[in-house]
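Student: Starting from the structure of chain A, add chains B and C where the hints point.
Chains as they are written, first to last, in our numbering: chain A, 1 to 423; chain B, 1001 to 1423; chain C, 2001 to 2423.
None of these hints come from the bench; they were simulated from the model.
Being a predicted model, the structure only gives us computed values, none of them experimental.
Keep in mind that a hint or two might mislead.
Said to hold, decoys possible - Short derived list, chain B residues pointing at chain A, Cβ under 10 Å:
(1) Phe1078
(2) Arg1081
(3) Lys1302
(4) Asp1304
(5) Pro1307
(6) Thr1309
Stated by the list, open to error - Result set (DSS-like, lysine-lysine): computed pairs, CA atoms no more than 30 Å apart in a straight line:
(7) C:Lys2422 with C:Lys2412
(8) C:Lys2201 with B:Lys1199
(9) C:Lys2119 with B:Lys1328
(10) B:Lys1199 with C:Lys2119
(11) B:Lys1117 with A:Lys199
(12) C:Lys2119 with B:Lys1365
(13) A:Lys201 with B:Lys1201
(14) B:Lys1201 with C:Lys2117
(15) C:Lys2062 with B:Lys1328
As the list claims (entries may be wrong) - Reference listing, derived: stretches of chain C covered by chain A, where coverage requires no fewer than 3 residues with Cβ under 8 Å from a Cβ of chain A:
(16) 2125-2131
(17) 2223-2232
(18) 2335-2349
Note that beta-carbon positions come from the ideal geometry of N, C-alpha and C, so glycine has one too.
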Amino acid sequence: VLTPAENTRVTRVGPGTPGGALFRRYWQPACLSSELPERDGGPLRLRLLGEDLIAFRDSAGKVGLVDAFCPHRRAPLFFGRNEECGLRCVYHGWKFDRDGNCVDMPSEPAGTTLQQKVKLLAYPTVERGGVVWTYMGPRDAMPEPPDYEWLRAPPEKQYVSKTFENCNWLQGLEGGLDTAHSSFAHNNHLGEKTVLRQKDKSPHIDVERTDYGYFYISTRDMGDEGKYIRVYHYVMPAQQMRANTMGWFGGKNQVPRLDGHIWVPIDDTTTHVYNWMCAYDDTIEVSEAWRHRRENEMGRGKDDVIPGTFRLKRNQSNDYLIDRQMQKTQNFTGIVGINTQDFALQEGMGPICDRSKEFLGTSDKAIVAMRRLLLEALDMVQNGGKPRGVDPVSYRSVRPHDRIVPPGHDWKTIFDKELTAKW
Amino acid sequence: VLTPAENTRVTRVGPGTPGGALFRRYWQPACLSSELPERDGGPLRLRLLGEDLIAFRDSAGKVGLVDAFCPHRRAPLFFGRNEECGLRCVYHGWKFDRDGNCVDMPSEPAGTTLQQKVKLLAYPTVERGGVVWTYMGPRDAMPEPPDYEWLRAPPEKQYVSKTFENCNWLQGLEGGLDTAHSSFAHNNHLGEKTVLRQKDKSPHIDVERTDYGYFYISTRDMGDEGKYIRVYHYVMPAQQMRANTMGWFGGKNQVPRLDGHIWVPIDDTTTHVYNWMCAYDDTIEVSEAWRHRRENEMGRGKDDVIPGTFRLKRNQSNDYLIDRQMQKTQNFTGIVGINTQDFALQEGMGPICDRSKEFLGTSDKAIVAMRRLLLEALDMVQNGGKPRGVDPVSYRSVRPHDRIVPPGHDWKTIFDKELTAKW
Amino acid sequence: VLTPAENTRVTRVGPGTPGGALFRRYWQPACLSSELPERDGGPLRLRLLGEDLIAFRDSAGKVGLVDAFCPHRRAPLFFGRNEECGLRCVYHGWKFDRDGNCVDMPSEPAGTTLQQKVKLLAYPTVERGGVVWTYMGPRDAMPEPPDYEWLRAPPEKQYVSKTFENCNWLQGLEGGLDTAHSSFAHNNHLGEKTVLRQKDKSPHIDVERTDYGYFYISTRDMGDEGKYIRVYHYVMPAQQMRANTMGWFGGKNQVPRLDGHIWVPIDDTTTHVYNWMCAYDDTIEVSEAWRHRRENEMGRGKDDVIPGTFRLKRNQSNDYLIDRQMQKTQNFTGIVGINTQDFALQEGMGPICDRSKEFLGTSDKAIVAMRRLLLEALDMVQNGGKPRGVDPVSYRSVRPHDRIVPPGHDWKTIFDKELTAKW
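Just chain A, same shape as in the assembly (with noise of 0.2 Å):
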């Protein structure tokens, strides 16, 4: 439960707000690589924690993310001219380079003086595992570049995906961290009592702070087995990692694999989501077809998204296509994919949901961990502060991990080194 007002300061990332503050101190995914997959292409039009921008590839196929108007007279950069190294504005003709230097200014006389004067925004980027970040904070405090495991792991044994999200991203972020809501939600094959998550469907949550955020361990029954254990990780603000190493060690014909989401808000009320997968280590295959299947079974497959964008054709305006029929034999909610799903519940809690009327369980313990860090967060940068999780050397190293612990045994033991990262 938050108050009112905490939970507005939670929620709203844009401009000069405490948590747009937050958001800034951090890299941020800005788009996919292959948004861009040409020099001099088009530019393209971004929105991130509210701002307005433009991003290109320039000649040298380095990526420009600039403001999206143009600083003479707030022209459109988006029908700009992607050519030489830099973006020309088609109004005037006044053009700019990725750091936002104008390199020409061709409606003034010759020698004047304003070109070196007038500067367009410009963000920092890198791209690192198929993703262009950017870091949009102040300037002395720009962190080193990102460094997650999945971002070290070899192209061919990963792989990011992106989703559009029509909801605040705190909706997402809570899902996310929530594993209770997988023996619900995502409870596929109604009557099948083998299934892990369906054996103990109120998992028991320890939470241990570190300097990235948390991890949690969830604990579930499963009686003379022993028990189901699985280590999440919060990496601040916004990204989780969770482990689905079972089908290896279970036998069955999977990709052992790491997994996780990072919420990206477009705005406040919009957000998208960057679905990354790494592969267990070297030994593990990850072939096409196997992410294509893994991509549909999340509802967020090739044939599930509106050509031409991020957006899933099971969305609110058609109510996800939910099944009633199947709702009643096959699967819990009656909709098709697991992301789906998740989609159906955060974004049917309307654009920001009103935290003030909620009433938690201890299942929630996650979720009530991870506001807790968010709003001594915002505190501390207000406070001229550094948050948690800013600096890589805090989370490179750490991996999720989950797996049955036999009766008798410790899962600090068994779980030891499969903590730590592998690539």
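Tutor: Then chains B and C, alone, in the frame of chain A:
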């Protein structure tokens, strides 16, 4: 004429407003019974007086009407499972019965005390006359269920339909209490002088207050034939009752009937109109074919409505398919359908009509009287009193009537027994 | 650069605003005469300076321009009957003539005194040059009807078209007074160096204030050929006049013409642009085919417009059909149509451009001068004075001109007689 402040006060009905408090003292139509056709069927989204709600028919056939969001973490209950006499949220499996009690909480450890504490907002419902009625006010002030005469007529002598209107409810109610406009807006046969309401276009109006609101007597001069008298009832807060018995007395092949509308605010700028009809008495046959013909005449028949909705095909987006040639030669408006004509005028005033700019005449007496009653009732409720029309005893025996009163006769004598319910 | 407060002050034109008071001191185009083709035809919805109005051509052929809502109970007059020199509301039959007098009130008893008291808001109109003009300001300050030179040209030597622009009017006016951008945004033949405005892309600008606003002289260096001089007029509050006589003097098969736009605020964020043209003098032939060719070149020809509207098919919703390949090889913007290019830039600035973030150069002199005149006029009107350009005598004899002035000649001598109206 209302001041801007009075206009705001009288039109707004959301939670916490004076108008909201007034409307919440009465049973209101929530939906048609036919919108919830089967037990354990899919839940139905409703919006009533600015509140987002979910209706469901449970395993026992009773209708639940509850908050649209789960009290746990505010997930949308629309996607819930309607099963075994309750609605189960698909986020974490919490289940609530139609009274709002939490009857299962599987994501929490067995024996949790949280289950008793959590309540889902639930409003009581009753079904009468093909309508699901609800009471959204303070429980200790809840009146007896609605008992309008038309609700007591047997199903085969009665029917109700529902239409969506894209403006504030008061614009609808004002049109419904305005007898004068039928000589103009509903003049569907230009030049035909035999129509009663064409013979005298400026009816004289007398209003008499009652315990349920008022009735008014509209008098039109028919020359040698006498006076055409209509008695309308205004049953607070937003029901009109009128008679159309002239077909009967006039000998034409029509069903003499009582007619009316209830305007139910979805929110401040949209409305559901419930259109009811019942036959004069049990000697009158109401065939299915006749019902269809009449709904068509109103412009809200099966072919007039966008399938799967309660919205007219002739609507604001297409200027009600006005035909200017038809307007010159056939009917006064160029618009087909009596209620379509009403909607064109009422929706055309904008979302909420600015009544501070009016010039009222003697034909507006009934409108003025209704506004005065509403303003008084707003004060009364704010001061802890009970407004008119809450108790069924105030209205249960009334019915409207219309008839030509020959010269030398007193309408009161002729109307005497006709204003008393026959069902 | 304007402060945020100045920007708000200069851009807003609704009732009660300083800008609204300024615009209401001038006759404004209300619609094209062709939008009201017949007497007693269907009424036309208009929105002007944020006011919702209805225009109708009465039985005498005169145009009425009145409040969109009936003064009785605010019913929409759009559905009214246009008959016998007046507009009759279809709610209760009240009828008003084009001056706003109530000429019939059939819903009230004969002899009602209400009829004399009720007035419908009505604005005076005149028709000139294919345009219906209206004056929405205080009657005692009403100037003589508009008398721009192009209005005096005979119909076969003149024409006007109209386009819808989805942004504040000032963005349009600024584009219209900006000669520099034509070297870039309207460079439709990449690499062709013989085009006059390609030879010198940083024109020198001199502004001279007048009683109607200002004219400015733009000077481009043509090397051995001399100077290319253009004289533009800014006629307050929002008209541009420019010449395109070069085709004539240059010997190409073109119609030497005077051109211009008037930007008429629909409200603060949408605009109608009136595009006028008249021939240089009566020796010049203006064929229908030529008109079409020119409108097509502008991007606002018959096939460029969504039928039944004044909206371009190439618009914001489809990024003006920008073709990035065309942009690389053929024209500067990749967008077809001169005015389409303007719209892409002006609408792309957003509903109201934020001028506090600009960096202006010497090429923006005319823009700066226009803004200063507007800000001064706002103060003047607020202090009870009469702004420039209200009286036709201030502008009736002016016309724009452009020409190459050979070395050693003074432009003033050569332009002398050309800046005086020939119609």
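Student: I'd like to know which numbered hints this structure contradicts. Please list them from smallest to largest.
Tutor: Violated: hints 3, 4, 5, 6, 8, 13, 16 and 17.
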